[in-house]
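Participant: Based on the sequences and whatever the hints tell you, model everything.
What follows is the residue order along each chain.
Number of protein chains: 2
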Amino acid sequence: MAEITTQMVKELREATSAGILDCKKALAQAEGDFDKAVEYLREKGLSAAAKKADREANEGLIGTYVHPGSRMAGMVEVNCETDFVARTEQFQELARDLAMHVVAARPEYVSREDVPADVIEKEKAIFRAQLAETDRPAHIWDKIIEGKVDKWYGDICLLEQPFIKNPDQTVQALMMQSIGSLGENIRIRRFSRLELGGS
Amino acid sequence: MAEITTQMVKELREATSAGILDCKKALAQAEGDFDKAVEYLREKGLSAAAKKADREANEGLIGTYVHPGSRMAGMVEVNCETDFVARTEQFQELARDLAMHVVAARPEYVSREDVPADVIEKEKAIFRAQLAETDRPAHIWDKIIEGKVDKWYGDICLLEQPFIKNPDQTVQALMMQSIGSLGENIRIRRFSRLELGGS
Numbered sequence: 001m002a003e004i005t006t007q008m009v010k011e012l013r014e015a016t017s018a019g020i021l022d023c024k025k026a027l028a029q030a031e032g033d034f035d036k037a038v039e040y041l042r043e044k045g046l047s048a049a050a051k052k053a054d055r056e057a058n059e060g061l062i063g064t065y066v067h068p069g070s071r072m073a074g075m076v077e078v079n080c081e082t083d084f085v086a087r088t089e090q091f092q093e094l095a096r097d098l099a100m101h102v103v104a105a106r107p108e109y110v111s112r113e114d115v116p117a118d119v120i121e122k123e124k125a126i127f128r129a130q131l132a133e134t135d136r137p138a139h140i141w142d143k144i145i146e147g148k149v150d151k152w153y154g155d156i157c158l159l160e161q162p163f164i165k166n167p168d169q170t171v172q173a174l175m176m177q178s179i180g181s182l183g184e185n186i187r188i189r190r191f192s193r194l195e196l197g198g199s
Numbered sequence: 001m002a003e004i005t006t007q008m009v010k011e012l013r014e015a016t017s018a019g020i021l022d023c024k025k026a027l028a029q030a031e032g033d034f035d036k037a038v039e040y041l042r043e044k045g046l047s048a049a050a051k052k053a054d055r056e057a058n059e060g061l062i063g064t065y066v067h068p069g070s071r072m073a074g075m076v077e078v079n080c081e082t083d084f085v086a087r088t089e090q091f092q093e094l095a096r097d098l099a100m101h102v103v104a105a106r107p108e109y110v111s112r113e114d115v116p117a118d119v120i121e122k123e124k125a126i127f128r129a130q131l132a133e134t135d136r137p138a139h140i141w142d143k144i145i146e147g148k149v150d151k152w153y154g155d156i157c158l159l160e161q162p163f164i165k166n167p168d169q170t171v172q173a174l175m176m177q178s179i180g181s182l183g184e185n186i187r188i189r190r191f192s193r194l195e196l197g198g199s
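Protein sequence lines, in the order shown, are assigned to chains A and B. The numbering used here numbers the first residue of the first sequence as 1 and each following residue consecutively. The numbering used here numbers the first residue of the second sequence as 1 and each following residue consecutively.
Calculated directly from the structure, the hints in this document are not laboratory data. Just so you know, even glycine gets a beta-carbon here, dropped at the ideal spot from N, CA and C. Check the hints yourself; a few may be wrong.
[Said to hold, decoys possible] With the Cβ distance kept under 7 Å, some of the chain A side facing chain B (calculated, not the full set):
#, residue
1, Leu21
2, Glu77
3, Ser192
4, Leu194
5, Leu196
Facilitator: This is the structure:
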């Protein structure tokens, strides 16, 4: 069983505003996996942050980042609930960090829900073709492909990528943590990235 | 006949690097219309800038602009031929100005060639429906619609918009002028614009 450190409990509390005991239990259930622990608290209705994540968020700002040399730049629309929070130093830093992340990590979509069905099918076909070259038995292919697609989402979806300034944390976990500490729903609505000569 | 001022000749020379007499003749032919005069010089093969506009341009930079308040921002990929020109103050200012223009003037496409056929058809159908409400004879509709579509391109295509810092000049004319003064082909490859709560 995974060890649950005080630090892990502290981070989960910051992200979800849930109680200490609930956080410990969630981390134990999730074997120390932060995102799964958040999911657990959310399912049990114990995460105040998860509840906030369902609220409307139409304020916010456009975070921007230009890489030195100006050959790459990115923009992110980050929403919160009030202009008051949008003006805080913490929110502005978050928006800037997310724009920097977009420039560095080259995501293609915000979340896995945004990936078009035909793009997913194409990716699955590639994985299937790769499997056909191996001697893996056909009845476990679906399971393997599911795992590969999951990993692929982690590469191309902004929310599932490891956060560039702290790779132990996904961008989703950073968002939950920010919701916890800013006390409002916060979401990434969309982003844009330009690179000189890029496609 | 339109009066051709020394200032107009000077600007056309800067934009095209053509000779004084050719510029005067082009402006007279074009009845003082800058863009038409450029076109004339180009057709006659007298514009060095027009010749340069056919050369490859793969260097450059991403110009960015964030509107005060960070509720709007824009990026533009501006290409030139060499990194040397990309590093000049003039080119960097051009890229910044173009990004500011994109934020303020809300273009939808770079040039009229980028507007998809179905979007054009939809717009024409609207103009046709408007004409059906009038008593204009049907045989002049096509001519009227052509004029309206032309005006519409001027609203939505970056290159045809009046430049925000000098509305007497189109962005296309600014580009030609920059090609003339920087001595390299320069083009706007693409742009992106985000506005809080925008579509």
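Participant: Hints first: check each against the structure and report whether it holds.
Facilitator: Each hint, compared with the structure:
no.: 1; hint: Leu21; result: violated (40 Å)
no.: 2; hint: Glu77; result: holds (5 Å)
no.: 3; hint: Ser192; result: holds (4 Å)
no.: 4; hint: Leu194; result: holds (5 Å)
no.: 5; hint: Leu196; result: holds (6 Å)
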